[in-house]
Amino acid sequence: MMESRARIAVIRFPGVNCEDETKRAVESQGMDCDILMWNGPRERLAEYDGYILPGGFTYQDRVRAGAIAAKDGIVDLLFDEAEAGKPIIGICNGAQILLESGMVPGITPGKVEMGLARNIMPDRDGYYTRWTHLRIESDTSCVTCVMTNHDVTSIPTAHAEGRFVTIDEGLIDRLFENGQVVMTYSGVKGEAEPAFPLNPNGSTRGIAAVSNPSGNVVAMMPHPERAAWLSQVPESLSGRWGAERRGAAGSRRVLTEPGPGGEIFKSLGAFITERLRGRGGEA
Amino acid sequence: MNVVVPAPVSIIKVLGVADDELLPRLAEAGLTFTADEARRVADLLGRDPTVVEANIFNTMWSEHCSYKSSRKVLGEYLPTEGVGVVLGPGEDAGIVRLATVNGKSYCIAIAHESHNHPSQVVPNEGAATGIGGIVRDVYCMGADVIGVLDPLRFGDPTGKNAERTKEIVHGVVEGIWQYGNALGVPNLGGDVYFDSSFDENCLVNVVALGLVVEDEIIRSRIPVEARDTDYDVILVGKPTDPSGFGGATFASRVLDEERALDDKYAVQVPDPFLKRMLAVATRDVLKLARDKGVAIGFKDLGAGGIACATSELGAAAGLGVRIDLSKVIVAEDDLKPEVIACSETQERYSFVVPRELSPEVLRIYNEVFDLPEICHGSGASVIGEVIQEARFILEHEGAVVCDARTEEITAGICYVRESRPREFTPKECVLPDGLDARGVLLKVLGAVNVASREHIYRHYDSEVKGSTVVRPGEADAGVIAPIPGVGVGVAVACDGNPFYGAVDSYQAGAVAVAESVRNVAAVGAHPIALTDCLNFGNPEVPEVVHDFVEAVRGIGDAARGIGLKDSGEPIPVVPGNVSFYNQSSGGSAVLPSPIVCCVGRLVDVSRHLTMGLKAGGNSIYLLGRRTAKLGASALLRTVGGDQVAPVPEVDFDDERRMMVAVTDIAESGLAASCHDISDGGVAVALAEMVLSSPEDDPVGARVSVQRLSAAETGASGAASGTTHDLELLFSEAGGYLLEVAIGHEERLLNILEDRGVWYSRIGTTVAGGGLSFTETADRDFSLSAKELARPWTDGATEVMR
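Chain order of the listed sequences is Y and A. Residues 1 to 283 in my numbering are what the first sequence spells out, letter by letter. Residues 284 to 1084 in my numbering are what the second sequence spells out, letter by letter.
The hints are simulated quantities; they were obtained by calculation from the structure and are not laboratory data. It cannot be assumed that every hint is accurate.
Unchecked claim - With a straight-line Cα cutoff of 20 angstroms, these simulated DMTMM-like cross-link-like pairs (lysine to aspartate or glutamate) come out:
| # | chain 1 | residue 1 | chain 2 | residue 2 |
| --- | --- | --- | --- | --- |
| 1 | A | Lys449 | Y | Asp32 |
| 2 | A | Lys296 | A | Asp326 |
| 3 | Y | Lys189 | A | Asp979 |
| 4 | A | Lys570 | Y | Asp151 |
| 5 | Y | Lys189 | A | Glu978 |
| 6 | A | Lys449 | Y | Glu83 |
| 7 | A | Lys296 | A | Glu311 |
| 8 | Y | Lys71 | A | Glu1058 |
| 9 | A | Lys570 | A | Glu656 |
| 10 | Y | Lys189 | A | Asp980 |
| 11 | Y | Lys86 | Y | Asp32 |
| 12 | A | Lys570 | A | Asp686 |
| 13 | A | Lys575 | A | Glu656 |
| 14 | A | Lys848 | A | Glu1036 |
| 15 | Y | Lys71 | A | Asp653 |
| 16 | Y | Lys189 | Y | Asp151 |
Generate the whole structure from the sequences, applying the supplied hints.
So this is what it looks like as structure tokens:
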């Protein structure tokens, strides 16, 4: 069987602004990546092995963040690809699109079961940017499959609406039981359900990323493309990654070695390889 | 075919009209220029101007557009050239070379402006359109915007205007993040000061940096090819509306409470979503032109709108343009021609492209990016053509409403304003008795102009684009690695301590340069360029003019005196901006506020330095002598009341020696951390280094106060005891603190000796955090990290909320 590189499509909706660095981060993990226009030729979409909805402010966050893009025809096609088991990652505004479209959590596909509400933060409002520590809650999803449950990683967040909420009785418990809660904000040693600022937006039970039942579609608020290389990690950061960053200070490793976000994209690649192998090397 | 019946063209009668009749007539027409200026227009045209012409000249001759009070001074004192300068002042942004990688010469385009009046009147929109305007200046050079900074000055948050001040702070910060974050440009820094002189005139300065390959720079001029090829003029962006009509003239007079409501309409409406779409689509347009190998001109629309942008495109090439205002996409019907011509509607650019390229350009904006559909009627359209005769002709509904020689429109006018020194003499400062250094440090750390700015910068996206290496709060300058896969770094910082301006405008200008250079050197970068934004009161007031001239002189002397690291040539001041009339109708002007931005280069960004202490058992070195001059210091403001005392003079030779040594040290990898000394002196700088160490592995410092003073040069001959200690601890004379591992000290000392820098080994770092001072005149003292953190974290949060 020919070893072929995984091909990822980053979807450029009007108003996204993280597509270029997301493409670079994907490529840094040995995958090919194209940026596709939301209104471009649709037939090409199926050619890709996985998809990323990058961060930004699609359609100016009119109505609600992600609400307009979620109604775009291209999302219906992504539904089909997700059905086929292909990975789809929504980052920040992309996560908001996945929730607004009902792809995630997708207990009843297409039904909006969760929302990303305005941050709740003591003594401040609006946008908030901070590096967060994240505990892996499910190590089978397309963004965590090379990690292990209860590993702690560190990735920055930057948003005004990142608080996972639902009105469905018992949904949160069910998501935890199903392993659909992929990451939670934690203390530097993995302490669960920390207070602000470790939980930067007041998200329910510290939820930072949620997947569909089969784990191939993930809505995550943190920005892994901003943590793809050590150079992007703050020197003063607590925990393993801060120490790694300081350890590399002054050497070229700062520029060449992957940061914590690298593992997210590495998982994407591994998830695709695994899927193709599972399908008898159809690739 | 339908015949267009020309609309009657309205004229403003000027010739042979006496002042008492002319002035009301001008006022009625909403024109702000003087009777003499109106007559000069008529003389230039050789007839009475049309209403459109009068409005155009009125805008082009405003202080905001013409720099009529400042041009001469700037030209006289500021160094603007150098081997690394690709483009000095004159166009929308200045451009300097950064590095050549695989045969490509990468450059930094930089622009620096103010948006003060609009932000005072409508803080959110004012600040947002400030960012919107400055990034346009950089985009239109063909560059990709890679960062913005925003130096801010607000009123006294505890003074008589406290409530309004808090509204303005909140609105301005909100406007900056709402625009910048959505546009997707990282916010790399800035600074914030509070003082009652800004109660009625806040200052919102904005800086934008862009990356552009030298041979891909697009000039704001019609290309010479247009002399023998047909060229179209294309307008792209938001549909033109009346917003910002008269904005330039609004920015060119003092703010008047009673006119606040009208002024609101002089502020434009920001749309970062459209700006983002334009930025991405424009990349494709510029690539198209490169691939086809055709020359184009590209300019943003700012003050003066279509008239200003298209006339300058023509004048720069000695060619003319004919624009049909009826072809401009408008947001509402029945807009008067002068409004279409001069409105400052945001998010617009103009192109001049070969006619055969026009359809493809329109297709990219209107079809590929679908602008008319997704951005409410925005888009691109051909509005006119280049003409060989150097005339600026505007038509509207078939009638010619403006017909003047292009350079007459753009030449502007020039005034030499009367200048007179302010009458006051600073007195030697007196510190009250019975101060204890420990208590003073806690007080200064919590002072509103010293405490942490974290509450503000956590609103800003500093990491979008993925190239950020050092964020606000981590070091003295922001650092990015803007060329993917390449280790070249760019460092940038803004400074301008307004309290120097209260005492000595020359020093205010000089220290703004010195401090911004220090900030960039402290992360290990060589300064390569400066920009300045000069914020002053009413230039018709002689004292204001004197302060202005002194500040410019100080900037120029410092840029020459410190100089580029390698060649010693002056650090070029590439673009600049002057903001006059920061004065309320009540008469109070802002403190003279020259604000300077310095851009630096890191040959190897992995060798950059941050300010957080890294490990216990390292040595701490002080570079730069302390002085007894406490004028404009945080110490004096905190404990000494409102004394106006002499400020420390900037010693250009010392600053140069230190800059050269510190960057040598960084490049040799000899320092673990570095922080420059500014507000609050050594004491506050040390506290910040302690508080910036890793939370889960905190590092503290143990420092000898005696070692802060050189045996041969005591900080103050006179003072002794605690006063002497306070001078040493809180002197804001220029300098640096370095954390150095024991094994590196010998090489470090060699560099310091070779470079002739004054230095002293003042103490050591200690694991566990905290800050303790020994060998004090009075009683040794120490503070835990917790004790330091409380005032520093909370000191300014309340007022910034």
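Going down the list of hints, with the structure as the test:
1. A:Lys449 <-> Y:Asp32: violated (49 angstroms)
2. A:Lys296 <-> A:Asp326: holds (12 angstroms)
3. Y:Lys189 <-> A:Asp979: Holds: Lys189 (chain Y) and Asp979 (chain A) sit about 10 angstroms apart, inside 20 angstroms.
4. A:Lys570 <-> Y:Asp151: Answer violated: Lys570 (chain A) to Asp151 (chain Y) is near 45 angstroms, above 20 angstroms.
5. Y:Lys189 <-> A:Glu978: Roughly 13 angstroms separates the two Cα atoms, so the pair holds.
6. A:Lys449 <-> Y:Glu83: violated (52 angstroms)
7. A:Lys296 <-> A:Glu311: holds (13 angstroms)
8. Y:Lys71 <-> A:Glu1058: Judged against 20 angstroms, a Cα distance of about 70 angstroms means the pair is violated.
9. A:Lys570 <-> A:Glu656: Roughly 24 angstroms separates the two Cα atoms, so the pair is violated.
10. Y:Lys189 <-> A:Asp980: holds (13 angstroms)
11. Y:Lys86 <-> Y:Asp32: Between Lys86 (chain Y) and Asp32 (chain Y) the Cα gap is close to 15 angstroms, so the pair holds against 20 angstroms.
12. A:Lys570 <-> A:Asp686: violated (35 angstroms)
13. A:Lys575 <-> A:Glu656: violated (28 angstroms)
14. A:Lys848 <-> A:Glu1036: holds (17 angstroms)
15. Y:Lys71 <-> A:Asp653: Measuring from Cα to Cα gives roughly 17 angstroms; hence the hint holds.
16. Y:Lys189 <-> Y:Asp151: Holds - the C-alpha atoms of Asp151 (chain Y) and Lys189 (chain Y) are around 9 angstroms apart, at most 20 angstroms.
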